[in-house]
Amino acid sequence: MTIAPAQAPVIELVNAARWYGNVVAVNDITFSLGPGITGLLGPNGAGKTTLLHMLAGFLAPSAGTVRVLGLSPSRDPSVYRRIGLVPERESVYGFLTGFEYVRFNARLQGMRDADAASRVAIERVGLQDAADRAIGTYSKGMRQRAKVAGALVHDPQVLLLDEPFNGMDPRQRLAMMDLLGEMAAAGRTILFSSHILEEVERIGTEILVIVAGRLAASGDFRAIRALMTDRPHMITIRSSDDRKLAVTLMSDPAVFAVTLHDSELAVQTAHLSAFRRIIATASRTAGVRLTEVSPADESLESVFDYLVHR
Amino acid sequence: MSTDNRVAASSPAGSIYDLGYRHYEGKRRGHWFAAWSLYVDSLRGIWGFGRPMSAKAAPFILAGLYALPAVVVLAFSSTISKSIATGETNPLDLPNYANYFGGIGTFIVLFLVAQAPEVVCRDQRYQVLPLYFTRAMGRFDYAMARLLSLATALFLVLMVPMIALFIGDILMSADAFKAIGNELPKALPTIPSNLLIAASTASIALALSSYSPRRAYAAVGLLAYFLLVEFVPLVIYGIGHEAGAKWVDYLPLITPITGLSRATDWFFGAPIPSDFSSSVGAGAYVLAGFVSTLLFTGILVWRYRRIAA
Amino acid sequence: MIHGSPRSPILALPEIFRVTVRQLLGRRRTLLLLLLAALPLLLALVFRLFDRIDVQRYSNSVFDGVLIAIVLPLTAVLFGTGAFGAELDEGTALYLLAKPLPRWAVVLAKAMAAAALTLLLTVGSILAGALVEVIPAGEAGVRATEAYVGATVVGALCYVAVFVAVSMFTRRALVIGIGYTLIWEGLLSSLLPGIANLSIRQYALGAGDWFVQLGREPARLPPETSFLLSVVVVVVALVLATWRLMRFELPGGTD
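Protein sequence lines, in the order shown, are assigned to chains U, E and Y.
Numbering-wise, this note's numbering puts 226 at position 225 of the first sequence, and it's gapless, one number per residue.
Numbering-wise, this note's numbering puts 64 at position 29 of the second sequence, and it's gapless, one number per residue.
Numbering-wise, this note's numbering puts 266 at position 227 of the third sequence, and it's gapless, one number per residue.
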């Protein structure tokens with residue numbers, strides 16, 4: 002299962018695995034990523050952080066290969082020039098101001114004009130006002146933003162983020178999502194992990210779902226949904242007379258269950274395309290006016306739910 | 036259906052039970068019991084009981100090393116008694132009750148440096164002090180329970196070699212039962228002298244350790260204190276004594292180990308060694324020991340009275 | 040984004056050095072170390088108080104007994120183990136490692152920061168005491184000061200390198216450092232002279248002997264051997280530290 006990129010993949014894993022004694026944290030994972038944003042989804046303990054650390058070069062794979070920009074990150078520190086990492090753990094540099102911290106990163110990346118680059122990075126994450134305070138005095142959301150600023154000050158090709166929206170309020174989250182979107186549009190490859198489905202849904206559609214160390218699905222989550230043929234689609238309908246519509250729909254073989262709720266109708270069908278064809282006819286036959294027809298489980302949550310419990 | 040559940044709501048047909056906070060209506064023991072429990076728990080912790088094996092290593096090894104010379108004397112008691120009879124060995128060269136601590140006191144320092152931080156630093160580091168202070172036991176009880184547990188542990192360490200020497204003396208003499216009668220009065224002063232040593236050093240160690248939540252730094256600070264307050268006054272005393280100054284005679288009073296071994300001399304009626312001035316009698320060292328104990332206990336209690344929790 | 044062509048990453052080392060120095064300073068620790076370092080000066084003043092200018096006595100009791108035996112190892116242990124501190128255990132070292140820098144360079148920069156602070160405190164301490172007590176004695180005093188400064192420099196570099204390396208392998212580096220100083224170098228060395236071959240303190244003192252023999256017991260190592268062994272110790276320690284840093288791994292944890 003791969004997300005096929007146009008040219009050579011930026012991130013590529015082939016049969017990558019990682020185990021600790023008898024515990025397998027990452028089990029035979031293969032995928033490749035190109036420019037754009039991809040969300041790494043999985044329940045807690047699924048192996049998301051392990052996978053990110055393998056991509057970041059802080060864990061060598063027990064088997065298989067991990068390549069970022071063609072190089073093996075665990076063996077070649079020069080690849081870090083083009084990778085930015087935003088880990089979950091806090092740094093120990095709480096005594097540095099926001100600006101000093103970002104500049105520390107810039108200087109370690111060997112940037113010629115570290116000061117200017119740091120200022121730009123700080124502005125991109127919106128920390129200008131607090132840049133001269135020590136990071137130790139920041140709120141959690143501000144610390145996250147400082148981490149992100151430090152990670153993108155050297156304009157990396159690849160950005161790896163581990164639960165980046167932790168501790169951010171909704172406004173900061175939106176701002177961060179916009180920033181990531183900009184970077185993706187500019188051709189960067191961004192991979193971020195999350196177990197909060199709304200975040201992933203909002204940013205982009207490309208996902209990797211990892212469950213118990215295995216890759217359960219990859220690609221556009223709507224496409225994945227469509228592939229889940231062994232599970233009926235749920236559609237919510239509101240109309241002028243739900244009961245009459247329900248009776249008409251039940252007579253059609255494409256529909257196999259209809260549930261009558263207080264103010265709406267929940268229809269289950271195995272064939273979404275067939276249903277799309279019949280719903281208009283059915284409502285005309287029943288003499289009912291439709292006010293709303295929406296898929297009830299097109300959400301990422303239902304996809305995720307299905308994949309985790311499969 | 037059981038009928039002794041607390042009921043939140045009920046009707047003839049059924050009830051909803053209240054599973055909220057469980058009340059305890061039984062007897063409550065006072066703060067003495069709480070302090071006693073902490074004391075026992077603390078004492079066990081110092082010896083590493085209730086903790087993994089690695090926590091038992093330091094205290095037992097160091098206590099064992101402290102007791103080693105006495106155990107060696109005990110093991111070779113028959114050989115030694117023969118050698119004394121032939122005149123080869125001078126009994127005054129052997130470890131005895133009076134000179135024991137002075138000779139090998141370093142291991143007591145090591146024991147304290149290793150274990151005192153264990154007693155008080157953890158609670159500060161993980162900020163669990165409020166859990167203690169909001170119970171029946173107060174701040175004073177907490178501090179004293181911890182202090183007494185360390186002092187007890189030290190007393191045990193100090194007494195083991197004394198007991199070994201006692202047994203050794205009995206074995207070395209011809210008539211065991213008469214020997215017990217003879218030796219006991221000679222051995223008795225070990226109890227008060229070791230009590231003083233235990234109380235004094237434990238109070239210093241705990242008072243200083245209580246100022247750092249991190250065990251490693253407390254250990255380093257403690258070590259620095261013992262090394263420096265031991266040697267620096269002695270250096271100054273050495274120089275000043277030669278120069279004929281009188282006030283330096285009082286300096287050795289503040290040294291922990293040397294001072295306490297001089298105090299031990301008072302309990303055994305032994306004379307002060309020649310390299311110390313005779314103007315400061317052994318009794319002064321005992322007094323210094325008491326004062327130091329009170330002082331550092333006060334510092335410890337003050338620390339816990341003021342600590343934010 | 041502003042880019043500019045990157046310079047050689049080796050030039051990033053001063054930044055690591057600076058930040059590590061800031062990491063190490065501050066807090067009560069520095070205050071206590073300053074007090075420790077002031078001791079030789081205080082004792083020198085006491086000596087002068089009694090109208091003594093006695094190079095031999097002062098060297099033996101203060102330089103040997105207080106500085107080389109206590110102040111130097113404690114300072115080096117605190118700064119050496121603090122250089123990396125808990126970063127490797129807690130995993131926060133990745134902020135330092137996700138950079139295009141060779142690992143040996145990171146180790147070197149951190150060790151140099153710790154060494155610089157240690158040297159500042161200890162050599163400063165010697166000079167302060169020497170100015171008051173030893174140098175006024177004339178030529179002999181100057182030679183003695185040179186000897187002890189040399190010994191301290193060698194000792195500081197060895198101790199810091201070793202403790203930086205040890206701190207990367209175990210959380211208990213500080214306690215191990217104390218145990219080494221007290222038990223290995225203190226107690227055992229006086230009981231078993233053979234241990235001099237494996238004691239940093241002896242290397243330091245032996246190196247100091249290069250300047251002037253200060254009339255100590257013959258159990259010391261000759262200067263050439265001391266220098267050689269010191270170099271070996273520093274190199275081995277730094278190599279081990281680099282090796283360990285290259286093996287740094289950050290497990291996923293509970294995700």
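Hints may be right or wrong, so weigh each one.
Stated by the list, open to error - Per the computed footprint, the stretches of chain Y lying under chain E, defined by three or more beta-carbons under 8 Å from a beta-carbon of chain E, are:
{"#": "1", "region": "85 to 92"}
{"#": "2", "region": "144 to 153"}
{"#": "3", "region": "181 to 195"}
{"#": "4", "region": "212 to 219"}
Claimed, not checked - Counterexamples of contact, computed for chain Y against chain U with all Cβ distances above 10 Å:
{"#": "5", "residue": "Leu-50"}
{"#": "6", "residue": "Gly-124"}
{"#": "7", "residue": "Leu-135"}
{"#": "8", "residue": "Gly-163"}
{"#": "9", "residue": "Ala-167"}
{"#": "10", "residue": "Val-171"}
{"#": "11", "residue": "Pro-175"}
{"#": "12", "residue": "Ala-176"}
{"#": "13", "residue": "Gly-233"}
{"#": "14", "residue": "Asp-248"}
{"#": "15", "residue": "Val-274"}
{"#": "16", "residue": "Val-278"}
Stated by the list, open to error - Selected chain Y positions facing chain E (in silico; Cβ < 8 Å):
{"#": "17", "residue": "Leu-113"}
{"#": "18", "residue": "Leu-230"}
{"#": "19", "residue": "Leu-231"}
Everything labelled a hint here was simulated from the structure, so no lab data went into it.
Here a beta-carbon is modelled for each residue, glycine too, at the ideal position from N, C-alpha and C.
Taking the hints in turn, this is what the structure says about them:
1. 85 to 92: holds (count 5)
2. 144 to 153: This one is violated; 0 residues, fewer than the three required, reach chain E with a Cβ under 8 Å.
3. 181 to 195: Since three or more residues must qualify, the claim that chain E covers the region 181 to 195 of chain Y is violated, with 0 doing so at under 8 Å.
4. 212 to 219: It holds: at least three residues are needed, and the region 212 to 219 of chain Y offers 3 whose Cβ sits within less than 8 Å of chain E.
5. Leu-50: The claim is violated: Leu-50 of chain Y sits with its nearest Cβ about 7 Å from chain U, within 10 Å.
6. Gly-124: Label violated. Min Cβ-Cβ 7 Å, cutoff 10 Å.
7. Leu-135: violated (8 Å)
8. Gly-163: holds (24 Å)
9. Ala-167: Label holds. Min Cβ-Cβ 29 Å, cutoff 10 Å.
10. Val-171: holds (36 Å)
11. Pro-175: holds (42 Å)
12. Ala-176: holds (44 Å)
13. Gly-233: holds (42 Å)
14. Asp-248: Label holds. Min Cβ-Cβ 41 Å, cutoff 10 Å.
15. Val-274: The claim stands: Val-274 of chain Y keeps its Cβ more than 10 Å from every Cβ of chain U (closest is about 22 Å).
16. Val-278: Val-278 of chain Y is indeed farther than 10 Å from all Cβ atoms of chain U, at 18 Å.
17. Leu-113: holds (6 Å)
18. Leu-230: Violated - the Cβ of Leu-230 of chain Y stays beyond 8 Å from chain E, reaching only about 12 Å at its closest.
19. Leu-231: Hint on Leu-231 of chain Y: violated, closest Cβ of chain E at ~15 Å, above 8 Å.
Going through the hint list in order, the structure does not satisfy hints 2, 3, 5, 6, 7, 18, 19.
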